[in-house]
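Peer 1: Sequence:
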Amino acid sequence: MMLDKFHLYSLIYHNFSKEVLFCVLQHGYTTWGGRLPHRPAEDLAFAVARFFQRGGSFQNYYMYFGGTNFNRTSGGPFDITSYDYDAPIDEYGLLSEPKWGHLKDLHAAIKLCEPALVAADLPQYMKLGPKQEAHVYHVDIDIEGLNLTQYRSESRCSAFLANIDERKGAAVTFLGQTYYLPPWSVSILPDCRNTVFNTAKVGAQTSVKTVDFDLPLFAHFSAQKQSMIHNGVSYISKSWMTVKEPIGVWSENIFTVQGILEHLNVTKDHSDYLWYITSFNAIA
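Position in the sequence shown (first residue = 1) + 287 = this note's numbering.
Treat the hints as calculated values from the structure; they're not laboratory data.
In this text, all values refer to a predicted model and were calculated from it rather than measured experimentally.
Treat the hints with care, since some could be wrong.
[What the hints assert, rightly or not] Here are the simulated PhoX-like cross-link-like pairs (lysine-lysine), alpha carbons at most 20 Å apart as the crow flies: (1) 496 x 455; (2) 418 x 391; (3) 488 x 391; (4) 555 x 488; (5) 398 x 488.
[Claimed, not checked] Restraint-style ranges between C-beta atoms, simulated for each label pair: (6) 554 x 456: 50 to 58 Å; (7) 349 x 470: 37 to 45 Å; (8) 325 x 395: 37 to 45 Å; (9) 490 x 550: 44 to 52 Å; (10) 324 x 550: 21 to 29 Å; (11) 550 x 527: 26 to 34 Å; (12) 412 x 492: 12 to 20 Å; (13) 409 x 488: 42 to 50 Å; (14) 381 x 349: 14 to 22 Å; (15) 556 x 349: 41 to 49 Å.
Where a beta carbon is used, it is the ideal one built from N, C-alpha and C, also for glycine.
Could you put the whole structure together from the sequences, leaning on the hints where they help?
Peer 2: In structure tokens:
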């Protein structure tokens with residue numbers, strides 16, 4: 288079964304006999320005139336961790352590497368041609384931190400759980416509180432009632448501890464040990480003992496993308512304007528350059544008409560540019 292949305296882990300238990308693929312974990316569409324969608328790294332990591340916590344098999348991001356549409360086409364009503372979707376890697380190939388780094392740490396934590404994940408068909412559910420729960424992957428043993436000391440001999444045991452309360456953190460007891468879970472978060476315990484990752488705790492660096500004023504493009508900018516904008520780390524290549532092109536190239540395509548014509552009908556959707564030239568006589 289394939290899933291396509293933002294948070295759909297609750298559907299997994301209704302189809303436990305099938306492999307569940309999360310084919311489109313969305314960030315949000317960007318439309319003309321609309322707000323630029325942003326999905327926090329913490330929420331994205333929470334959705335992925337919850338998916339695997341409840342028995343998910345395959346995870347795909349949409350998008351993980353941003354880009355642009357082919358030619359001048361775009362999907363959906365009023366979607367812009369940029370295909371970035373607030374992705375971990377943007378359409379220029381630059382890392383969007385802390386999202387990229389936070390997901391990298393998440394993937395590493397899930398990888399540590401691999402022996403237990405592939406050894407069990409389904410996780411064992413344990414209620415830890417009103418909005419707190421654990422899902423444990425282990426090999427042919429019922430862990431209810433066991434404490435941490437009794438369970439140390441089991442090497443293939445991994446646990447996901449979740450707090451689905453959006454506002455309040457909670458201290459929970461799992462296998463005789465206390466763990467603190469921030470609001471709306473999942474803690475991953477590859478050995479059922481030690482927390483190696485929590486989706487609400489971001490350890491990756493934060494990057495700010497700005498334009499480097501060493502580029503020829505900004506040679507004419509005043510120092511005041513540069514200081515107003517240049518307040519972050521530059522990730523723009525210094526090999527970029529500007530080229531001056533004449534405006535209004537005269538050719539056989541020039542024609543005269545009264546009024547304003549519709550852009551796409553005139554250019555036949557082959558160009559983003561349509562130049563208008565007009566003149567008038569001013570009587571003093």
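Peer 1: Each hint: holds or not?
Peer 2: Evaluated hints:
1. 496 x 455: Since the Cα atoms of residue 496 and residue 455 sit roughly 33 Å apart, the hinted pair is violated (cutoff 20 Å).
2. 418 x 391: Between residue 418 and residue 391 the Cα gap is close to 27 Å, so the pair fails against 20 Å, i.e. violated.
3. 488 x 391: Cα-Cα ~13 Å, so holds.
4. 555 x 488: violated (51 Å)
5. 398 x 488: holds (18 Å)
6. 554 x 456: 50 to 58 Å: holds (56 Å)
7. 349 x 470: 37 to 45 Å: violated (26 Å)
8. 325 x 395: 37 to 45 Å: The hint (37 to 45 Å, Cβ to Cβ) is violated, given that residue 325 and residue 395 are roughly 24 Å apart.
9. 490 x 550: 44 to 52 Å: Check passed, 48 Å falls within 44 to 52 Å.
10. 324 x 550: 21 to 29 Å: At 26 Å between Cβs, range holds.
11. 550 x 527: 26 to 34 Å: Because 28 Å falls inside the window, the suggested range holds.
12. 412 x 492: 12 to 20 Å: With a Cβ separation near 36 Å, residue 412 and residue 492 fall outside 12 to 20 Å, so the hint is violated.
13. 409 x 488: 42 to 50 Å: Violated - the Cβ-Cβ distance for residue 409 and residue 488, about 28 Å, lies outside 42 to 50 Å.
14. 381 x 349: 14 to 22 Å: At roughly 19 Å between Cβ atoms, residue 349 and residue 381 fall inside 14 to 22 Å, so the hint holds.
15. 556 x 349: 41 to 49 Å: violated (26 Å)
Checked against the numbered hints given earlier, the structure breaks hints 1, 2, 4, 7, 8, 12, 13, 15 and satisfies all the rest.
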